[in-house]
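Chains A and B supply the protein sequences, listed in that same order.
Letter by letter, the first sequence follows residues 1 to 117 in my numbering.
Letter by letter, the second sequence follows residues 1 to 424 in my numbering.
Take these hints with a grain of salt, some might be off.
[As the list claims (entries may be wrong)] In silico PhoX-like pairs for lysine-lysine, Cα to Cα no more than 20 Å straight-line:
#1 K126(B) - K26(A)
#2 K91(A) - K126(B)
#3 K36(A) - K71(A)
#4 K19(A) - K144(B)
Treat the hints as calculated values from the structure; they're not laboratory data.
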Amino acid sequence: MLVDDSATILLSISNILGKAGYGVEKAANANEGLNKFKSGVKVDLLITDLNMPGMNGIEFIKEVRKLPTYKFMPILFLTTESQQSKRLEAKAAGASGWLVKPATADELLGTIKLVLR
Amino acid sequence: MDLILLLRRATIVAMIVGIITSGGVYLLHDWFHASVLPALDLSKQVGDSLGTLFVLILGFFTQRLVSIALFRDWMLGLTLREAEQASRADTYVCAAEQVGGELKQVKTFNDVVRGQLNTIVVETEKAAYDITSRLQGIDEIITKLSHFVDSTAQETNDLVAQSELRIDQNRGLIERLDTYIAQRVTEAQSDQERIAAVVGEARSLTKLVDLIKSISGQTNLLALNAAIEAARAGEAGRGFAVVADEVRKLSGEADKAVGQINQGIQQVASSIESQFQDKLAHSNIQQERDALESFSSQLNDLGRNYQEMTAHDAEVLAQVRDSSQRLSSMFMDAMASVQFQDVTRQQIEQVIDALNRLDGHSVLLAERLEQFDDPHFELRPLAAHLDEIYSSYVMSSQRDSHHNALSGGNVTSNDKSGPKVELF
Chain A
1 MLVDDSATIL LSISNILGKA GYGVEKAANA NEGLNKFKSG VKVDLLITDL
51 NMPGMNGIEF IKEVRKLPTY KFMPILFLTT ESQQSKRLEA KAAGASGWLV
101 KPATADELLG TIKLVLR
Chain B
1 MDLILLLRRA TIVAMIVGII TSGGVYLLHD WFHASVLPAL DLSKQVGDSL
51 GTLFVLILGF FTQRLVSIAL FRDWMLGLTL REAEQASRAD TYVCAAEQVG
101 GELKQVKTFN DVVRGQLNTI VVETEKAAYD ITSRLQGIDE IITKLSHFVD
151 STAQETNDLV AQSELRIDQN RGLIERLDTY IAQRVTEAQS DQERIAAVVG
201 EARSLTKLVD LIKSISGQTN LLALNAAIEA ARAGEAGRGF AVVADEVRKL
251 SGEADKAVGQ INQGIQQVAS SIESQFQDKL AHSNIQQERD ALESFSSQLN
301 DLGRNYQEMT AHDAEVLAQV RDSSQRLSSM FMDAMASVQF QDVTRQQIEQ
351 VIDALNRLDG HSVLLAERLE QFDDPHFELR PLAAHLDEIY SSYVMSSQRD
401 SHHNALSGGN VTSNDKSGPK VELF
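Please model the entire structure based on the sequences and the hints provided.
Written out as structure tokens, the structure is:
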């Protein structure tokens, strides 16, 4: 699942993932993503932005981790934020990896392969 | 005006007035005591006291006159200075009111700038979305092209396999043709020899005919001798003479028949020769051989050309496939680079936040000017806003720009940014 408040990011990243053979479930904000998780959507990986209007990425993944089905699902942050302190916060909340925007297709797909391994 | 200047001016005026007053007292002292006091009927003490009072009053006014003469102001320049300061104060109040009014207009100004920035965000987002959509369209075409190339490559491979099979078959056919040509040459030579043997045998029959003709001539001669001997025998040989005559006639017919047989044999031999002459001619066999070899060679060329053509097709398809894969890779990179818009949007939103802060600060400054005499007025400094803006940055480039702007040089921020990709 891909969660980002930017429609352009949703379109471009989902295209790259689709081209690489992944099916993509999209959500325009954390609440929409959380509702999809609560409805039991089947996904292998969550890619989320950090800074979003309303619920931010870290609060979002904390809520996702509370759902038993997604307790061990890999979660990857794709964000413009680069500070170490935020990463530590995300790691403590249950994130699996961190990728700083703008990321190339190789960086994105390579990281996805690693977290799905 | 500073005190030293004022003191200097007062000293100069006092000295001038002192000199004038002293000179006047010195010159008028005797006249005052001899003429004025008796005329007014005043005692010396009273007269001196009144005279001193008069001199002091006169000295005061003289000082004012001297001050006007020297400094164009009756209070050593203080009056002019006060008027000037009053005028400057009026100007300052006027300017402060103007600045206050302008500061209140900063929000309007910033509204325009914010509007422009928001338009930039909306337009770049729309442009980036359009670019992404167009890239998606291009990718669909590339994907179709790639599928077409794959299917065409498969068809080409099938065609190559089929053509190789056909070429092998053609090679077999060519080999069979070569064998056939060789057989045809051998058979033609054999036929030629057989026909020549038949003709030879036919012609050899003429020797038998000659033998029969010789026997016939000898028979005729023998019949003639028998007729002569029969005639010599007389009546007794009459019957034998008839037989001899019949034998001679038979010999003549046999001779005639031999001539006809010989003619027939010659005609048969000639007819066989003429019938097979074209067929057995060596040049015809060579022409046939050349034609078959030419056909074989053309078949070979055709196969080779077809092989070259399919190889070229395979090369073109490989090139197109390679280009298609490279285009696909470029498409992925182009798609990824669209993220710049999200980065830019967040940077612009940061600038808009800074403008909002500037709005509030400008209003506060205007209020400060209006309430200049309020000792409890709290003015939050810009530095505090700058610190808050710094703490809200998300990118290391923003922090670097911030530090560079403050230091006026190339200073990198001391923030603790991690690597671009990190797995926990």
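Worksheet item: Hey, K126(B) versus K26(A), does the alpha-carbon distance stay inside 20 Å?
Response: 19 Å, holds
Practice prompt. Sort out whether K144(B) lies within 20 Å of K19(A), counting only the CA atoms.
Written response: 13 Å, holds
Fill in: Hinted pair K91(A) and K126(B), Cα distance within 20 Å
Distance ~34 Å between K91(A) and K126(B) Cα, so the pair is violated.
Discussion item. With the threshold set at 20 Å, check whether the alpha-carbon distance from K36(A) to K71(A) stays at or below it.
Written reply: Between K36(A) and K71(A) the Cα gap is close to 15 Å, so the pair holds against 20 Å.
Consistency note: the structure conflicts with earlier hint 2 alone.
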